[in-house]
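Asks: If you want the building blocks of each chain, they are given just below.
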Amino acid sequence: MLRLKRIIPMLLALLMLTLAVYPGHGQAQEQAAAGNSEKKTIVVGLSPDFAPYEFLMTVDGKSKIVGSDVMIAEEIAKDMGAELVISDMSFDSLIPALQSGRIDMIISGMTPTDERRQNVDFSDLYYTSRQVILTRADDVDKYKTMDALEGEEIGVQTGSIQEEIANGIPNAKVTAVKSISDVISLLTSDRVNAAVFEGPVAEAQVKNRPGIAIADAVPEDSDTPMAIAVQKGNTELVNQINGTLERLRATNAVDGFIQQANELNSGEKAPTNIFSFFWKYRGFYADGVKYTLLLSALGVLFGFLIGLIVALLRLSGVKILKWIAVAYTEVLRGTPMLVQLLIIHFGLASAFDIRFTVLQSGIITLSINSSAYLAEIFRAGIQGVDKGQMEAARSLGMPRGMAMRTIVIPQAIKSVLPAIGNEFVVIIKESSIVSFIGVADLMFQANAVRTLTYSGLYPLVIAAAIYLVMTLILSKLLNVFERRLSAGDNR
Amino acid sequence: MITVKNLQKSFGKNQVLRGIDAEIKQGEVVVVIGPSGSGKSTFLRCLNRLEDVTGGEILFEGQPITDKKHNIDKTREKMGMVFQQFNLFPHKTVLDNITLAPTKLLGLSKSDADKRAETLLQSVGLADKKNAYPAQLSGGQKQRIAIVRALAMQPHVMLFDEPTSALDPEMVGEVLDVMKKLAEDGMTMVIVTHEMGFAREVGDRIVFMDGGVIVEEGTPEEVFGAPKNARTQDFLSKVL
Numbered sequence: 001m002l003r004l005k006r007i008i009p010m011l012l013a014l015l016m017l018t019l020a021v022y023p024g025h026g027q028a029q030e031q032a033a034a035g036n037s038e039k040k041t042i043v044v045g046l047s048p049d050f051a052p053y054e055f056l057m058t059v060d061g062k063s064k065i066v067g068s069d070v071m072i073a074e075e076i077a078k079d080m081g082a083e084l085v086i087s088d089m090s091f092d093s094l095i096p097a098l099q100s101g102r103i104d105m106i107i108s109g110m111t112p113t114d115e116r117r118q119n120v121d122f123s124d125l126y127y128t129s130r131q132v133i134l135t136r137a138d139d140v141d142k143y144k145t146m147d148a149l150e151g152e153e154i155g156v157q158t159g160s161i162q163e164e165i166a167n168g169i170p171n172a173k174v175t176a177v178k179s180i181s182d183v184i185s186l187l188t189s190d191r192v193n194a195a196v197f198e199g200p201v202a203e204a205q206v207k208n209r210p211g212i213a214i215a216d217a218v219p220e221d222s223d224t225p226m227a228i229a230v231q232k233g234n235t236e237l238v239n240q241i242n243g244t245l246e247r248l249r250a251t252n253a254v255d256g257f258i259q260q261a262n263e264l265n266s267g268e269k270a271p272t273n274i275f276s277f278f279w280k281y282r283g284f285y286a287d288g289v290k291y292t293l294l295l296s297a298l299g300v301l302f303g304f305l306i307g308l309i310v311a312l313l314r315l316s317g318v319k320i321l322k323w324i325a326v327a328y329t330e331v332l333r334g335t336p337m338l339v340q341l342l343i344i345h346f347g348l349a350s351a352f353d354i355r356f357t358v359l360q361s362g363i364i365t366l367s368i369n370s371s372a373y374l375a376e377i378f379r380a381g382i383q384g385v386d387k388g389q390m391e392a393a394r395s396l397g398m399p400r401g402m403a404m405r406t407i408v409i410p411q412a413i414k415s416v417l418p419a420i421g422n423e424f425v426v427i428i429k430e431s432s433i434v435s436f437i438g439v440a441d442l443m444f445q446a447n448a449v450r451t452l453t454y455s456g457l458y459p460l461v462i463a464a465a466i467y468l469v470m471t472l473i474l475s476k477l478l479n480v481f482e483r484r485l486s487a488g489d490n491r
Numbered sequence: 492m493i494t495v496k497n498l499q500k501s502f503g504k505n506q507v508l509r510g511i512d513a514e515i516k517q518g519e520v521v522v523v524i525g526p527s528g529s530g531k532s533t534f535l536r537c538l539n540r541l542e543d544v545t546g547g548e549i550l551f552e553g554q555p556i557t558d559k560k561h562n563i564d565k566t567r568e569k570m571g572m573v574f575q576q577f578n579l580f581p582h583k584t585v586l587d588n589i590t591l592a593p594t595k596l597l598g599l600s601k602s603d604a605d606k607r608a609e610t611l612l613q614s615v616g617l618a619d620k621k622n623a624y625p626a627q628l629s630g631g632q633k634q635r636i637a638i639v640r641a642l643a644m645q646p647h648v649m650l651f652d653e654p655t656s657a658l659d660p661e662m663v664g665e666v667l668d669v670m671k672k673l674a675e676d677g678m679t680m681v682i683v684t685h686e687m688g689f690a691r692e693v694g695d696r697i698v699f700m701d702g703g704v705i706v707e708e709g710t711p712e713e714v715f716g717a718p719k720n721a722r723t724q725d726f727l728s729k730v731l
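Chains Y and Z, in that order, are what the protein sequence lines are. Here the first sequence is numbered in the numbering used here, starting from 1 and rising by one per residue. Here the second sequence is numbered in the numbering used here, starting from 492 and rising by one per residue.
Chain Z on its own, in the form it takes in the complex (with noise of 0.2 Å):
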């Protein structure tokens, strides 16, 4: 589903990507990890474009999304995103936040989309909140809610870029358990985590990076199990 080849970032004179090749198939979850500086998120704002590329290139659905030509908009209305805050628009409803985009950018009647907004909120217990503005919710509410406005456009992959670092404790549980369920139900998925008991019980891939390439990837029983690279596994015995 999504291609990766050679794919380099630099801001100013620091080189952040330095060569990533990767595959997303249809219907995976892939989890990376990494220490922090290592470019992990970089790389996940890479394949939306919301960071431009220096070198490479990045197949979508088959379409060259790196080409200047590009309309980078429609794609991204086929990819969303989960931010580490959230990022809610503090000054519209629940509601508002979430059927905003499939009304202006599907052209669903607004009817069509509280249905569906109030569907998927239903589906991560909070249709009760559909009237409240953001700053009235929790951090952990906050973020569900900013996953159910990305799967309201119905994407075909949803990337979360760190999505409980900003959270206290007790509320990653209740995120997670959205993401999870989300895995469970087929949907194609680039997360970026510190959550490694997540990563290994959700994740069909781990991709560990650091220094802007990826220096090992497995399936959680290989990565975690028996990684074979030293810096996986220093990297490792310091956050298990």
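Isolated chain Y, as found in the complex (with noise of 0.2 Å):
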């Protein structure tokens, strides 16, 4: 059953194929302008949770990225003659997205602040607004000044400028989170009591979202810059950016951008029913469903395979080979697979230049990850396979590996079936951390729902189900294929 030979130039076949077929190599959202392909482009990162700046649109059933930084990136892209292709990503992979070169310039509300300096360069200022403080509408009246937030419980976005207004309210306590969306759940969920906010920001979430209103409270100094971000070093790029503003600022553009994208915010009206809500968005969860799938089975078939290899260097007898193995499967049982994901995508980049693109990230942080349990479940079935069997292989003349490729594997998978089972159920569920770097799985899309409709539990309850679903209708097939391979144990 096993003709490793044959079937792994088939996977590499389907893996090119597949990441041939699939938009974009998996990123999330890269929208390119209509035109001539031939044109150069420009990749603009940003994270689309920030009403007005950027944000989700549900245009024709599918997912657009919309608001008022998007506009600018487009002025600057006609300047340049270039195709404009927005990388949606969340806000704190921004900057490490644009130091490894995967995007060109940042424009997703971001201040330019000393420690953002040291790590990117930034254009000249375009737009200035003031920080502001939500709270639930019940409690607005609670924090009519700075001094009412002292010891309170505060919730930020991660790595955003709100934060560190946050941390510098005397004893506050701190929930950083990784989107705006999260920031009002918490609030709303009373997990903690105020947020900081973006001006603009906080009116489009109050005027799509009910209960929640904006305190009278400022925080000091709260006026926050916007530039724009680009790699250090890139002198050229911000002359031409700021060649573009100037043009804006002469018009007053930049308000007008803003103004006019707060009325594409004008909000969606969700359905209540989670059915026709899920009807309504049932584009974005099957586009997140492709890639989830797409990601798990690559994630099992090359973890499957890497993990026989694996088991079978554990096993050969070879001192240094086992410990390669035994080190190998340490290592990748021992850390977060957040890490492993992280330092696949962005520390090869900065540090050895090896650029995969999020969806090739993904595939090979899954598939290491799960061949490192599977190395192990091998290990365990190839040594619960009586000894005989090896002996009778060998004393009919077969070689060591004809006998263990033709004899002890295929029983010795067949005995952990329900393990190797469990591992690709957890990896169809593991899968969902790739949305950390952008993929654009059922997760992402998930909270992409959550971004557009303002609504908290519903794009999550339905993300639960179909991993449900993916996870049950998995089991069945393996419980099918389990029966069939068992035929012969039946008397």
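Since the hints were derived computationally from the structure, they do not count as laboratory data. Keep in mind that the hints are not guaranteed to be accurate.
[Said to hold, decoys possible] A few chain Y residues that face chain Z, going by a derived Cβ cut-off under 10 Å, partial list only: (1) 193; (2) 400; (3) 411.
Backbone N, C-alpha and C fix where the C-beta goes; we use that ideal spot for every residue, glycine too.
Each of the two chains sits in its own frame; use the hints to bring them together as a complex.
Replies: Now the structure itself:
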């Protein structure tokens, strides 16, 4: 059953094919403006949960990134004669992505702090906004001044300028989370009592979500300027951008963009029934499921093959190979998958200039992570096969490799099939972690719907239900497979 | 056919074979007997190098198979082996168990291998079991299939390692019958067994081992009828 020599090239071909077929190498929301594909491109990175600067909208059932920052980016691209490509990722991934050259610039309401200036270069300021304090509508009178916030529990977005402001409030207990919608969820679920927000962003939230309000308290020195970040030393691009900004400033265009974006963001009326909710946003989930299945399938296949090889190395009897295999499994099992993912995606890019696409990084991480667990499962299975089987095969004249392949491994796999099945289920679930670097998988899309609808519960419940359906179907399939394999056990 | 010179084997500090010299001739049936722990199974397993030898030399058809450079896999194709625990491949049908090695190693076509397997199955009375899985067979049937599996490679010699020791008493006969027929057909055989009646009837030569050495050998009449060595006498008085 295991004709590795034939299977491996087939898998590689399959991988190439899928990677070729999937648009934008799986980069979430890489929207290319219509136009000549020969044109040079400029890639802007942004975190689209920051209405009205950048946010998601459904247009004809498809999600689209819009906002005033996007409009500015389009102007810059126009002046450069380049095609604009938008790369969507979490806010704290933006600077690593810029440093590793995955994106050309960041326009994401980013404030040029001294800390950031050490890592990237900034353009002239293009907009200055104020900061406000957002609270639950019932509590809005409690926070008339900043003093009232001392010692309070405050929510902010990780790595944002608001986080710095919150940290400056005496004794404040600051909770930093990944996205704006998570901050709002913290607030509405009473986990924090106040949140620091960009003025226009807070207004957009208040408009679309009942139960929250802007308090009278205003953070000191709360004017937060925004600028466009580029890779350190890229003065050519900075000058180009500054030229465009100057042109826009002459007509007060940015204020107009923000107003336009605010109108766009009038808020989608999300259905209150979860089934109609799902139906309305089914396109997002369908897109996400495609990537989740692709990632899991390839992660499992390569994990299976690598795991088998590692297990065989470990049992090879050659000390150095065994040692390598042990180190491999221990390191991969003993470190968090998120760390592995970030090292592969960002670490390798900045240190060795090895640039995987987000989809490749996701698949590699899932493959090597699961291979470590599968290697241990295979080892147990191979060691569990009666020694007499190997002896009988060898006594017939089979070389060790052939005996392993045709006699021992099939029996080993059969005996550990339930454990392998568990590992496959785990991979489907764990694949959700790749949404962190911006693979548009199911989890990523659930978050996109969350941002889009200002709904905290439904998008996640639906995602959970879809994960459950996938894992249940997989378990069922494995049961059938197991029954077929156990044909020889029936008396 | 097989020449053993001063064969030694140790497991760690435990020396199991302490210098064995033996000669197995074409067409000869040699039965090795002796108390448990005497090293007789180890001796047999050294003959096809399932156990690596510690010292001494084994020649098979003139070739030194204990030589490190010798391709033992090729030699094993000519030395069939039958185990106490049958060791059939549980994930394969009876037919696949038998045809696997001939097709993979001898390059037989599937249909030729099937034909060969079916003829052999016929001869041991198990033609109807060719599509069964090992788990569906009795112990005696399994051991007969195991013998057929080895024979399908058309070996020059057959090694039997206590082939009836794991069987229920009523099944011992059917396996011994197959072996007897094989001996009558002129197969060279080395058999480790506790079946003294069988040894006496079928063996051309009896080898009595104890403490890792050959204590006494001779025709069945000599060894069973008039054992010269005290240890042989003692052993036979207990088992006969």
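Asks: Mind checking the CB of residue 193/Y against every CB in chain Z and telling me if the closest is under 10 Å?
Replies: Hint violated; residue 193/Y Cβ to chain Z Cβ min 64 Å, cut 10 Å.
Asks: Let me know if the C-beta of residue 411/Y comes in closer than 10 Å to any C-beta of chain Z, holds or violated.
Replies: 6 Å, holds
Asks: Against chain Z, with CB atoms and a cut of 10 Å, does the hint on residue 400/Y hold up?
Replies: This interface hint holds because 9 Å falls under the 10 Å limit.
In summary, the structure is inconsistent with hint 1 from the numbered list given earlier, while agreeing with all the others.
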